[in-house]
Amino acid sequence: MERRRNKRWHGKYRMLLMAAVIGLTTVLAACSGTSKGGSEGGGAGSGGAPQGRVTLKVEVFDRGNAPSGMKINDNYLTRYVQENFGDPNNINVEFVPIPRSEEIQKLNVLMASANDVPDIIFTYDTGTYNRYASQGGLMDVTELLDEYGPNLKAFLGEDTLKYGQIDGKQFAIPGRRLVLGKYASYIRQDWLDKLGMSAPQTTDELYAALKAFKERDPGDTGGKVIPLGMSVAPAQFEPLLWSFIEPLTEEQRYTLTQKLGSSDHPVLLPGFKEGLRFMNKLYNEGLISKDFALDKDKKQLWQDVQNGLVGAYSEDAGELYFEYNGTYKNLLTNVPGSSLTPIDPYTDSEGKHPKPGYAPNAMYIMIPKSSERAAEAIKYLDWMASGDHLFFMQNGVEGENYELEDGIPVLKADAPQDVKDRLYNYGDMAIIVNGKYMGETEKNNEAYIRQTPKEFHDVMRVSVNISNSDKIDPVVLPRPIEAEARYGSALADKYDELIVMTTMVAPDKFDATYESIMKEYMAAGGQAILDERTKLYEESQ
Amino acid sequence: MKPQMYLGRYWQLYGLVALPIVYFIVFKYGPMYGVQIAFKDFNLFQGIHGSEWIGFEAFGEVFRNQEFFKTLRNTLMLNFLDLIVSFPAPLVLAIMLYELKSGWFRKFSQTVLYVPHFISWVIIGGIVYQVFGTQSGMINNVLTGLGLREIPFLTEKGNWLATYLATGVWQSAGWGTILYLAALTGINRELFEAAEVDGAGRFKRIWHITLPGLKTTIVTLLIINLGHIITIGFERPYVIGNLAVREYSDVLSTFVYRVGLESGQYTLATVVGLFQAVVGLVFVLGANFISKKLTDESIL
Numbered sequence: 001m002e003r004r005r006n007k008r009w010h011g012k013y014r015m016l017l018m019a020a021v022i023g024l025t026t027v028l029a030a031c032s033g034t035s036k037g038g039s040e041g042g043g044a045g046s047g048g049a050p051q052g053r054v055t056l057k058v059e060v061f062d063r064g065n066a067p068s069g070m071k072i073n074d075n076y077l078t079r080y081v082q083e084n085f086g087d088p089n090n091i092n093v094e095f096v097p098i099p100r101s102e103e104i105q106k107l108n109v110l111m112a113s114a115n116d117v118p119d120i121i122f123t124y125d126t127g128t129y130n131r132y133a134s135q136g137g138l139m140d141v142t143e144l145l146d147e148y149g150p151n152l153k154a155f156l157g158e159d160t161l162k163y164g165q166i167d168g169k170q171f172a173i174p175g176r177r178l179v180l181g182k183y184a185s186y187i188r189q190d191w192l193d194k195l196g197m198s199a200p201q202t203t204d205e206l207y208a209a210l211k212a213f214k215e216r217d218p219g220d221t222g223g224k225v226i227p228l229g230m231s232v233a234p235a236q237f238e239p240l241l242w243s244f245i246e247p248l249t250e251e252q253r254y255t256l257t258q259k260l261g262s263s264d265h266p267v268l269l270p271g272f273k274e275g276l277r278f279m280n281k282l283y284n285e286g287l288i289s290k291d292f293a294l295d296k297d298k299k300q301l302w303q304d305v306q307n308g309l310v311g312a313y314s315e316d317a318g319e320l321y322f323e324y325n326g327t328y329k330n331l332l333t334n335v336p337g338s339s340l341t342p343i344d345p346y347t348d349s350e351g352k353h354p355k356p357g358y359a360p361n362a363m364y365i366m367i368p369k370s371s372e373r374a375a376e377a378i379k380y381l382d383w384m385a386s387g388d389h390l391f392f393m394q395n396g397v398e399g400e401n402y403e404l405e406d407g408i409p410v411l412k413a414d415a416p417q418d419v420k421d422r423l424y425n426y427g428d429m430a431i432i433v434n435g436k437y438m439g440e441t442e443k444n445n446e447a448y449i450r451q452t453p454k455e456f457h458d459v460m461r462v463s464v465n466i467s468n469s470d471k472i473d474p475v476v477l478p479r480p481i482e483a484e485a486r487y488g489s490a491l492a493d494k495y496d497e498l499i500v501m502t503t504m505v506a507p508d509k510f511d512a513t514y515e516s517i518m519k520e521y522m523a524a525g526g527q528a529i530l531d532e533r534t535k536l537y538e539e540s541q
Numbered sequence: 001m002k003p004q005m006y007l008g009r010y011w012q013l014y015g016l017v018a019l020p021i022v023y024f025i026v027f028k029y030g031p032m033y034g035v036q037i038a039f040k041d042f043n044l045f046q047g048i049h050g051s052e053w054i055g056f057e058a059f060g061e062v063f064r065n066q067e068f069f070k071t072l073r074n075t076l077m078l079n080f081l082d083l084i085v086s087f088p089a090p091l092v093l094a095i096m097l098y099e100l101k102s103g104w105f106r107k108f109s110q111t112v113l114y115v116p117h118f119i120s121w122v123i124i125g126g127i128v129y130q131v132f133g134t135q136s137g138m139i140n141n142v143l144t145g146l147g148l149r150e151i152p153f154l155t156e157k158g159n160w161l162a163t164y165l166a167t168g169v170w171q172s173a174g175w176g177t178i179l180y181l182a183a184l185t186g187i188n189r190e191l192f193e194a195a196e197v198d199g200a201g202r203f204k205r206i207w208h209i210t211l212p213g214l215k216t217t218i219v220t221l222l223i224i225n226l227g228h229i230i231t232i233g234f235e236r237p238y239v240i241g242n243l244a245v246r247e248y249s250d251v252l253s254t255f256v257y258r259v260g261l262e263s264g265q266y267t268l269a270t271v272v273g274l275f276q277a278v279v280g281l282v283f284v285l286g287a288n289f290i291s292k293k294l295t296d297e298s299i300l
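Protein chains in written order, with the numbering used here: chain L, 1 to 541; chain G, 1 to 300.
None of these hints come from the bench; they were simulated from the model. Positions of the beta carbon are idealized from the N, C-alpha and C atoms, including for glycine. Hints are supplied without guarantee of correctness; some may be wrong.
Derived coverage of chain G by chain L (criterion: at least 3 residues anywhere in the stretch with Cβ under 8 Å from a Cβ of chain L; other residues may be distant) [stated by the list, open to error]: (1) 77-85; (2) 129-136; (3) 145-156.
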């Protein structure tokens, strides 16, 4: 008892100290959490707002590639917007970053909270836009557009605006897409030369080239050669699969196409199974990388191309030439004497090279119903579409970022890095258009081509021409298909699973695997979409 | 003693536990009102109150969905196998470490062993791909260099399962040993000395003294793990899994992610979540009950 009384002081203090430390730590942790979040958003012009000034929140895609010294919500272009649009109109423009790879998930979460959601949001995913519209979450901007957006309306045109209308009401402002070609294919010219073969112009010729790459290894890879580059991104397998689709009647195209997400999928079209069978053949003969199914973002494919292992592959037309990509540049550096030639090898039964193209609309720009800044939002988009604002955002300063050649801005290759970095994400800032806007189609295409470094302009032009030849346009329906909005994302996953599983299975198990996964696909919503589209077709007759 | 007297005398202890209690109330009990979403046709913009009541209709839709049963099966299977493989591992490691004579080597091993616990699954996924990939993975490069056939660790279902479980052991075993080692220090050293004098060998000592001394800890952890058998983390199956092994790697958490967050079908996702909670509760109570009857140890 005596001992306890003496030690009581120490014991008491120790307990007190512990409790205080724990309390303090918790408070500090909570504070640092919120202040971190606060400072991120407060970069561009918060604090000390003058009288009557309002804040307009605009979404921006965060690809995690901000150059040093710049933040996604505080950089050259955000300051340009604030100085030229925000300040004259007494508006604080705040950019809200959303990670590109999870934009839909993040958007879903933001839409649930009326306070945090930006005033301008956007997505490429048709299903998401349709869902928000049908659930009553979007503002009908028809009148606001007339009042505050005359330049915007003129810029986009009725054809583009149509994509954002439901029963005549404007629920989304679709951006205008200028470059409609999507895919081209590429092959190692130096390997062809070494083998004495010419560039393949049919599927059979491509197959022969792939076999030769594997058996004779012209690249001296020591058995590590990957004749056909492949991943689970659509760019790698769409040209192949679509070339197997048999000629369709208008009714077949209308009813059997399945629009999952924002692009048409050929899963129910006649001939698709044969396309999968061809992929199965290629895989089992060792012409496709054994790990292609793990490559969700093409990173492994690009590595393999740069390291000189890949013989041929399909890709978004011209992607490998762009500054930010560097795949081709690195290949040329790593493997002296190498070169990739653009080709269009996949031929269908009519000798054509069908491949999907883009719809003429770009992103769906939307204003949440709960937003109080709808007028300011339309004003911002209208400002972007007027004068030389769009041109500046896409091209920068004449003499510093670009020089005019034949009236088309060409990026200065020798501009200092920080000048080049000014426009690092212009595509995500200039949301009303997809592609460099010059006024006429010819010029738009040329501007697109000249975005690549000068030494690649010629092959870029060939790539763009390939992407436009035998281009398949998306099927346009008068109103959204409810089943597509509901099941689209899950079915798109199932589609990828179908391709991977049927490709990788042993040839004698191909049919059984195909049947069983197709059954799951139809049960998971494929049948519902088919039924709805068939009904819609019958109604329209 | 009257309650007020407890408060007065031990207020530091109450203060210490107040914070965790507040945490549980705010983050675990509070959100329970959101369970209603499972019974409503949830409209993001009308909120929970404004959405229409549909009763058990969504449950019907979920239980009719083939994908749901596949993910349920996978969740149980992965967790059960994990239990068999990962549960004994920390125990064995702890006993081995405890038997070590060299103090510094024990401390060094402990530190090295529990470092993987702090590596996020996203990074582990990247490492796994570099090590186990078929085309260009480290192990397969060595195999093909020796002239052997490559082993598809990640793209063949059975192999993937083994890889998944093995990485789980690597990641969690070291951390689990800490708990057991702490419990082991609570065993009276005199028991060991007495047993040694009586002629008991190392294994006999482990069997008769160490293990029984750990009985309470083992049973508690087992009950907790059994209660969690219906829940499964999201990152691990999502990152380590891939399209080729969907058959095994698709679990309830990835299903909810796809259906709930990607497709915005919150009602269905909540139904699955509620289902998991109810089943988990049944398992915890059941495991606790069985343990009480068989070994007199229980936590409730």
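These are the hints, each one checked on the structure:
1. 77-85: violated (count 0)
2. 129-136: Held - the segment 129-136 of chain G has 5 residues with a Cβ nearer than 8 Å to chain L, which meets the minimum of three.
3. 145-156: holds (count 4)
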